[in-house]
Each structure stands twice: as C-alpha cells, then as structure tokens.
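Chain by chain, the residues:
2 protein chains.
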Amino acid sequence: MHAKEPQVQLPDHIVPRRVVIIGGGFAGLFAARTLRRSPVAVTLVDRRAHHLFQPLLYQCASGILSEGQIAQPLRAVLRRHHNVRCLLAEAAGVDADNRVVLAVTPDGGTLSLPYDDLVVAVGVRQSYFGHQEFAARAPGMKTLEDALEVRRRIYRAFEMAETCADPREQQAWLTFALVGGGPTGVELAGQIHEIARRTLDREFRTIDSSQARVLLFEGGDSVLTAFGPTLARRAERTLRGLGVEVHLRTLVTDVDDEGLTVREQGRTTRFEARTVLWTAGVEAPPFAHALARATGAAQDHAGRLLVQPDLTLPGYPQIRVVGDLMALDGLPGMAEVAMQSGAYAGRVIRHGVEGRAERARPFRYRDFGSAAYISRGRAAVRAGPVRVSGVTGWLVWLLIHIVFLTGFRSRLGALASWFLVFATGARRERAFTGEGERGHGAPPAGAGDRAGRDQPTADRAH
Amino acid sequence: MHAKEPQVQLPDHIVPRRVVIIGGGFAGLFAARTLRRSPVAVTLVDRRAHHLFQPLLYQCASGILSEGQIAQPLRAVLRRHHNVRCLLAEAAGVDADNRVVLAVTPDGGTLSLPYDDLVVAVGVRQSYFGHQEFAARAPGMKTLEDALEVRRRIYRAFEMAETCADPREQQAWLTFALVGGGPTGVELAGQIHEIARRTLDREFRTIDSSQARVLLFEGGDSVLTAFGPTLARRAERTLRGLGVEVHLRTLVTDVDDEGLTVREQGRTTRFEARTVLWTAGVEAPPFAHALARATGAAQDHAGRLLVQPDLTLPGYPQIRVVGDLMALDGLPGMAEVAMQSGAYAGRVIRHGVEGRAERARPFRYRDFGSAAYISRGRAAVRAGPVRVSGVTGWLVWLLIHIVFLTGFRSRLGALASWFLVFATGARRERAFTGEGERGHGAPPAGAGDRAGRDQPTADRAH
Chain A
30 MHAKEPQVQL PDHIVPRRVV IIGGGFAGLF AARTLRRSPV AVTLVDRRAH
80 HLFQPLLYQC ASGILSEGQI AQPLRAVLRR HHNVRCLLAE AAGVDADNRV
130 VLAVTPDGGT LSLPYDDLVV AVGVRQSYFG HQEFAARAPG MKTLEDALEV
180 RRRIYRAFEM AETCADPREQ QAWLTFALVG GGPTGVELAG QIHEIARRTL
230 DREFRTIDSS QARVLLFEGG DSVLTAFGPT LARRAERTLR GLGVEVHLRT
280 LVTDVDDEGL TVREQGRTTR FEARTVLWTA GVEAPPFAHA LARATGAAQD
330 HAGRLLVQPD LTLPGYPQIR VVGDLMALDG LPGMAEVAMQ SGAYAGRVIR
380 HGVEGRAERA RPFRYRDFGS AAYISRGRAA VRAGPVRVSG VTGWLVWLLI
430 HIVFLTGFRS RLGALASWFL VFATGARRER AFTGEGERGH GAPPAGAGDR
480 AGRDQPTADR AH
Chain B
30 MHAKEPQVQL PDHIVPRRVV IIGGGFAGLF AARTLRRSPV AVTLVDRRAH
80 HLFQPLLYQC ASGILSEGQI AQPLRAVLRR HHNVRCLLAE AAGVDADNRV
130 VLAVTPDGGT LSLPYDDLVV AVGVRQSYFG HQEFAARAPG MKTLEDALEV
180 RRRIYRAFEM AETCADPREQ QAWLTFALVG GGPTGVELAG QIHEIARRTL
230 DREFRTIDSS QARVLLFEGG DSVLTAFGPT LARRAERTLR GLGVEVHLRT
280 LVTDVDDEGL TVREQGRTTR FEARTVLWTA GVEAPPFAHA LARATGAAQD
330 HAGRLLVQPD LTLPGYPQIR VVGDLMALDG LPGMAEVAMQ SGAYAGRVIR
380 HGVEGRAERA RPFRYRDFGS AAYISRGRAA VRAGPVRVSG VTGWLVWLLI
430 HIVFLTGFRS RLGALASWFL VFATGARRER AFTGEGERGH GAPPAGAGDR
480 AGRDQPTADR AH
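So the protein sequences, as listed, match chains A and B. Residue 194 in the working numbering is what sits at position 165 of the first sequence, and the numbering runs on without skipping anything. Residue 443 in the working numbering is what sits at position 414 of the second sequence, and the numbering runs on without skipping anything.
Don't read these hints as lab results, they were simulated from the structure. Check each hint, because a few of them may be wrong.
As the list claims (entries may be wrong) - Distance ranges between label pairs, derived from CB positions:
| # | chain 1 | residue 1 | chain 2 | residue 2 | range |
| --- | --- | --- | --- | --- | --- |
| 1 | B | 161 | A | 328 | 46 to 54 Å |
| 2 | B | 286 | A | 197 | 46 to 54 Å |
| 3 | B | 240 | A | 318 | 39 to 47 Å |
| 4 | B | 448 | A | 62 | 28 to 36 Å |
| 5 | B | 240 | A | 319 | 57 to 65 Å |
| 6 | B | 361 | A | 286 | 40 to 48 Å |
| 7 | B | 286 | A | 296 | 53 to 61 Å |
| 8 | B | 428 | A | 159 | 58 to 66 Å |
| 9 | A | 292 | B | 323 | 37 to 45 Å |
Stated by the list, open to error - In silico contact screen, one side only, chain B against chain A (beta carbon under 10 Å); selected entries:
| # | residue |
| --- | --- |
| 10 | 92 |
| 11 | 98 |
| 12 | 158 |
| 13 | 187 |
| 14 | 293 |
| 15 | 296 |
| 16 | 460 |
Stated by the list, open to error - Partial pick of chain B residues on the chain A-facing surface, computed with a CB cut under 7 Å:
| # | residue |
| --- | --- |
| 17 | 78 |
| 18 | 116 |
| 19 | 121 |
| 20 | 192 |
| 21 | 270 |
| 22 | 271 |
| 23 | 274 |
| 24 | 462 |
Yeah, the Cβ is synthetic: ideal placement off N, Cα and C, and Gly gets one too.
Isolated chain A (complex conformation) (with noise of 0.2 Å):
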C-alpha cells in the first residue's frame, strides 16, 4: 500500500527501522509505549479500533460501565505517538522469510505490512474445549461483543421470568450458570448477585429478582487457584455465603438450549438454566496456528507460542511473541503479564536500534499481585506475601484499577459509577439492544423459534 508511513526524525540517508505489532491490548499497546522516542516506524494493526481494558469488562457486562468506558480508540490512545500508525484489519498471515505480515481490511481488502520486527499480540480466544457448538448457546467474556451480549442475556433473562407462566420455566430463567471459576467467573457470579438483590430490587411484580440462582462450576479444586489456597478459600466462603451454589471438581458435558449438563464426582446432573456464561477456558486465535505454520513454532495444549527467554521463536530472533498468546514458564494470561511482555519486547527493540544490542537479557516477571472482585464490600487482592481479601482488599482493588486505567477521564468516570452502585445499587448501563436488529423491523434472530410453547391464551385472572 502506499500510505505514508509514520513521521520519523532522521538524516535523509537511514531508513527507520519497521515494527510491526499486531494486537492492541495491554501487550501491544505497551510494546508500542515503549518504542515511543525511538527512531523506529511503528504499525499497530487490530481488529477493532479500540484498545480494551479486559480486567473490568465483567462490569460493561453487568451494566456499571459503558463501552466507552473500558475501550479506547487505539488512534487516541496513542494519537501523540507520532512514529506509530494505527491501522483496521485482522492479521491473517505472516511471511516469516520475506518477513511480510498479511492482514485483511474489514471489507476484504488485503494489506501486506513488512517488518524488521514483529510483536504478536493477538492473544487468546474463549475455547469451549472442542464443543464449538456451545459458543452460540454460552457467550464467553473475552472482547466488547461478548460483555454486551452477556448483559443481554443477564438483564433479559429477569424479562422472560416475569412473562413466564410456567414456575418451572420461571425458574429456569432465574437461573444463572457460570461455567468457570478464575477471577471472571468469580466476578460475574458476584455481579448476578447484586443485580438480582439490589439492582432489580422491586422493578418486577410477578417475579421476586432476589429469588435469582447463581450457579458456579469449576473443574479444579477451588476458585480463583492462581490466588493461592488461603485466598481461594476465603473467595469460595465468599461466594457461599452470598448464596452463590459452588460446584468444585465439576466439568460440564453438555450445553443446550434449557441448560446444561455437569459430572461432578463421578456422577451427572442436569440444571435447568437459560442463562449459561462460559469462562473456563482459552485458546489460540487462528493466527496463531498460520504463524506456527510459518515458523515451525512449537505450540502448547491450548495453541499458545513456546518462545525463547527472550520471548522470540526459534530460529526467528525478528519474531517475538507477547501477553496471552506467549507460552513461557507457565505465566498465566493476566494484565501484568501483557504489559512487561510487551514493553519487554519494546526495550529490547529500542536497544536494538540504539546499538545496544548485546544479547538481551531474557525477560523476567515480577509478580506484582492480583486482584478479583467478588462482591460489594468483598475482594481478593494478592501481592507477594501479601493476602488481603474483605473490605481492606475490595479497597485495595479500587486502588489498583484507578491507577491502571487509561486516562484520567476514564478514572473519574469509572470512579463515579463505580461510586454510584456501592451507594445505591443501581446500573445505569442496562440498555440492552434486540439481537442484530435495526429499527426497521428485521425479526431478531431466534423468534418464533419457540412458538405455540404452553402458555395459556386467556387471562384468567378475574
């Protein structure tokens, strides 16, 4: 293509040095950063214009906050960073020999992007385990669209008990299964409880919101596991006494249409659930497998890049693999880790260009903690030795996010909503919108589908 490429201060005789970066989450966004006063050309390519803030899109989806809110525009964020452009597309290859990135324009369009160096930051995807076909059935919580059709289908399920005639049914829509239980699944449980107790708190007259089931499933032995076990007891006596219905040591086998199927000790059960939100698991984009493909990267179980200390792939010392998508040592797929990642791969790019290119050292993460919100006046907060969970930690938790999120707009408006539902439990961010539908009367997917259902024609009631 011949868009101009990024302005960069340098005699006329060098030719800046092309960093490509392929994600705009925390790692990408750090590499980039990172890469800010170096004499170095930088293109940022996503899918989506916006950066997200992933740790607080459990609140977009429970109605605290708007897109707005959690997702930036990539262009704006970095709008100062004049040696990097921003472009719109999807990476779908990459030549690693002529080292050309191939990418596609959202209309279909092809770009072909070549790089000194590459940053892939594509992250990871929801898995379903190999059942694609409860993608449709149970959203996950992984991009914009996911929280927004989870907070249609939470806030849409109170909607559908109160025109139930049928109690089991009624039930059925009063129950929440959350298949899942890090730090998301923990955090969305919290929320269904707030909405049903507080927030929905005598809107309904044929429904009691409070009545509301909030199950959790877990395949491991506990709740939030990467919080350590005093943690993940506390978070699991939490979400008990919240009236959440904890299943440990539980998979599930089976999503349908009216609920879902579990084997927990060695037995099955069914629940009767309408609403099903899927958070247990991740795996790698289809990128990923073209770019291991391309380089004969090895790939973990869930299709994650094995890459050196130095997070680059074998044999392809201009390819470095960063955040979710990175397999190394086990690090989990957290913020924390995406943001050294990244700016790790952004220092040693920049020491690179300055001739500091010595070998670099392998990258190290410092653990600086983590922190899960359970519910009102409740969370989990690790840091170090350091366990503090209850109001200390929901404080400590409300501390942290002000701190992290992009911008100080976004923290005063994040602070006053945030303020907002502790005070009074209300969300002003619950307007959901039909299923695709336009203002023109296309039917929404999914209607009629259930037509001629019991229900009694004339109403009775006098």
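Mind docking chain B on chain A? Use the hints.
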C-alpha cells in the same frame, strides 16, 4: 397468563379497570405516569426493555453519549408506579371486539392481554419510500440499534479511508451522505463535521480527517421546514458555513454499495459515498396495519392512524392512538406531541374511572416550540413567536434538554459529557463493535465480499 396483576388498592368487590399501553416511548410513558394514582391496572408492553430519549439519539450515534445515558429501563423508570407492570413483548395484533391484545415474547411465546382501555403508542419506523433494499445500505435513526450502527459506520469509515491505497476510494470513505433535512439529519451533519474536524484531529497518519465531505439531501424547499422559513434559512446558512453541502429539492433515487444517485433540478447525479445515513421518512409499523384491519380505521399515506378529536378510533372508544403513530390535524411526530397526547389519553381514562366521564374535551396540542442542535455554539430554537439561533439558541437548547432528560443523574452525566465535548471535542463513546461478531471468531458479516480488491501487494515505501 397467570401473571400477578399490578397491585391496586380497592374494595374486594371492585375489579380495577385494565389499561394496556403498547409502547414505552414518550407517549406511552406519559400515559402511564398520568395514571399513577388511578385505581387502574396498567400493563405497559414494549419490544424493548428501555425507554429511549430519542431527541438525543444522534448524540449516542456520534459517540458523545452512551446507550445508558439515553435509554433507561422502563421498569426502573416506573419502579414506584405500583399499578404498572412492564412486560417485554411485541404486540402482534388486537382482537378489538373481545378487547384483547396479542403479544409475542422474544423467544416466541404468546401473551394475551385483555383491556378495558387500550393506548396504542408504538411509534413509527424509518421509511425508505418503498425501497426496502436501501435499509441495509443506509441505516436509519429511530432506535438504539440504529444509533449504534450509525456510530459504527461513521467511525469505521475513517478507519477504512486510512488503509486505502486508491485516492478515489479513500475520498469515497471520507464522504458522508445524509438523506433527510429534518432535525435529525441536520444534527447528524453537524456532528460528523465536528468529528472530522475536531474529534479525530491528528489521529490519522495517512488521511486528513478534516477533508471529509458531508452531503445533506432534502426533498423539500428547506432544511428544518417545521421550524419556519426564518430559522430554516439560518440553519442552512450555518450548515453551508461549516462546509456541509446542502442539496435542496433533491430526491434520492438509488442507494448502492458505493454511493447514491439523486435527481436535482431534473438532472441525475451520482455521488460516491461509502456512508449513507437515512432520516428522510417514517412509516407505520406492521402492528398499525393489523390494528387498522381489526378496527376498520383509516390510515394516512404513511400508515398513521386517523383518530377522532379525543384520540379514539372511530367506533372503538376504548382504543386511543397517541404519539408518532397518531394522525391528527397534521401534528408532527415530535417528542412534545407524544408527551402531550400520551398524557391526554391517561387523563381521559383517569376521569372516566373517577366518574367524570362527561364528553371528553378534544385533545389540543400546545406548541411550546422545537430545538435542533447544528454545531458547537449553534442551534435553532423556535418557541411560539420567539426564534433564536446561534449561541443563544445553543444555550436554550442545552437548558431544554437538561430539563427534559429523565432523572437527575442522567442530566448531570449528560451535562458532563456535553461539557467535555464542547471544551475538547473528545467523544468518549466511540467504541464500536464488529457487526454481530463475538469473541469466538465468527467472521463479521460482509468480510471477504470485496476480496481481491485493487491493492498493491507490496509496500514499496523504501
């Protein structure tokens, strides 16, 4: 359905009068509010769970306001109206003789809603004057889904321009066509102008966003016809001063994938514009036709129902049509008309219950004026004989909207959002999602249908 009836305090032998209100827009909401203390059992049915503040829909589309700021859940707004129950369902038809409304829930279940009084407040939908095929190419601006689609198209157009190799296609992506010169079209034109010149300033490396062309096509003799000739002329001057290309007495004859064709002064011209937005006409939704068939009511050219002076349908004194769908004395489809007609219907029903059922006074609309926002510091406001424009108009416009927005919190939030935009041009709600895509990688609709487009395959910048 055996759903519990709303709670009404009456002696046991008295059965509360059942009022069914179809539609939770301004008309339906004001009808419900007016019935607050009446001994009636109100059922409010809407196919969406939210009340939409349509006058500010264009600000959601332009990325200033989030969905939650202009759409509040109906059952939250009516939480303290203990005689109202809200049901998420779409009215499909009416058995006018047996006085029953038939409605369909989102999953295809059916509801029968008997009534003693029926208030039809379903509104209208965007009309393409018989050219339904334009709808997919040119989104309207009547619903929340529309606004999000418009937002997606506006911001994505600039992204597409940035990756274009062909200068002509690039310019086509930077060309925005608005069909319809009423308040919504004018407001959107002004918003796109501001986005191009202020919001996106310096965010792009290839394109200059301020080179965007905004075309406004109007079939009549002036924009903002309903505001009278003085304000219409001023608004036109303002628009042209901003660089908006205003085409009056122009009819759009075709909309295709790459642009639109118009007939102006007997001459046919084609404009290449990848973003076409349609606000040119409205028409009755299918339910209106079903109602007309059931009652023999007459409809105007747009399908609106002709009502008696007391807003009832001839021969059916229990059925009132209010708001945009009502055809009476040429009253326009505006928020103020909807509010007043809805309140009138509620009042008449209340008087009937209170035994004051003497011949109802006819509905008389009190025209307090209209306001339209054109651009930063410029709006047009008409109130009785008063005509204000420019900065004064803008301040009055601001005041009116603050007063009418539902809820103090909304006003404060919207005020903060507007102040931010006014001061900095920053629009906080720019995040747009892929069309119907979720995080598991289902391809967005439309990808690939332009594969093999004329793009150089090698970046030869060096």
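For this structure, which hints from the list above don't hold up?
5, 9, 12, 14, 15, 19, 21, 22, 23
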